[in-house]
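**Q** Using the sequences provided together with the hints, build the complete structure.
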Amino acid sequence: MEQVKEIPELRLDQLARLYVEPTNRCNLDCRACMRQGWEEDLGYMKFDLFEKIMAEVRAWPGPPEIFLGGFGEPLGHPRIADMVALAKAAGSRVELISNAILLDEEMARRLAAAGLDFLWVSIDGASPESYADIRLGDHLPQIVTNLRRLRRKRILNFGQTPELGISFVAMKRNIADLPRVLDLGRQLGAIRFSVSNVEAYAPAMESEILYAQSLNHPARLISLEMPRLDLDVGNDKVLKSLIGRFTLPGVMASPAAESLGTCPFLQRRSASVRWDGRVSPCLPLLHAHTVYANGCPRFWPEYHVGSLAERRLGEIWNDGKYRDLRKRLHEFSFAPCTMCCSCDLPNLNGEDCYGNVHPACGGCLWSQGFIQCP
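Going by the numbering used here, the sequence shown opens with residue 53, and the numbers climb by one from there.
Calculated from the structure, these hints are not laboratory results.
Check each hint, because a few of them may be wrong.
Simulated restraints, written as ranges between beta carbons of each label pair [what the hints assert, rightly or not]:
| # | residue 1 | residue 2 | range |
| --- | --- | --- | --- |
| 1 | A228 | R162 | 29 to 39 Å |
| 2 | S385 | K289 | 40 to 50 Å |
| 3 | E277 | H410 | 36 to 46 Å |
| 4 | A264 | T197 | 36 to 46 Å |
| 5 | A256 | L291 | 26 to 36 Å |
| 6 | F351 | N79 | 25 to 35 Å |
| 7 | A264 | G143 | 36 to 46 Å |
Remember, it's a predicted structure, so these values are computed and weren't measured experimentally.
By construction, the Cβ of each residue, glycine as well, lies at the ideal position given by its N, Cα and C atoms.
**A** Structural data, given as structure tokens:
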């Protein structure tokens, strides 16, 4: 195998995480979701395809972590617990992201028995009213009940898995709820929290973004290492004044937030698998979609490097074109399209003014630290 340029502490030719989308169907119709503008076929990953993927993962040198999630609700897949069990049998750590509406007592029991390591739950509002405003359904009391039940079961089982994390998508209409969502998560036993900005998949959502000014300025964040402090009224005021000036540990600390371009999916040495088996280098390129920023629409066609229904995972991962793409993402010599709408090229993610061909990732909000996922 040819030598590949190294990133410190990781190699581009080592697959460490595999995102798998069990389904692109969802039981919610959230106003901020990519699915709002879709005209795509909906479906579930066939279990025999998942079995094929896990057989290859089992034989992989150092099985990659499996993250079950994409642009649908994983718990809606009729065999989701079997998927978790199969991934665990392949030797992988398994995480899953859900809205937790379908996490009833039986589902919680099956996931725990299957060996799920970590459950991420998306909560974008701290009250039934604010949650319903984003998620377009009054499900928060049910979700809290489901998670409290899960917490009791974990306590009775001496703290066994799955551990819990909370994911929050921030926008103008719900940012005031963030402290209360974090408090709620701690009460429910969450040990990790992931906060992302909203990505405007529809024109109306552009007025909700919290980073309009930052889009036009490259990151120039200076790190400040802080000791542990008690959080009281005096310290709160000081910390608030520091956050705007420095990147504090654990706060605004996304690696992509500190540079003009760092692909978080490359940093995680990951690949993404759509429900029908098509493989993409990242979650955003699994499905075609349009993003609105700086008053300009940018259409992102889906981009796939192969299909696991037709080829083996190792063959796709080590394909020369995919390896070249990972090198380009490592170098990240793309035009800074998030800061510029002065030509027609940013309207379509086909090429950029530096001569890069599709996918030209300079307009990717994930690579600039604005959007992130667990």
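**Q** Any of the earlier hints contradicted here, and which numbers?
**A** Per hint list: zero violations.
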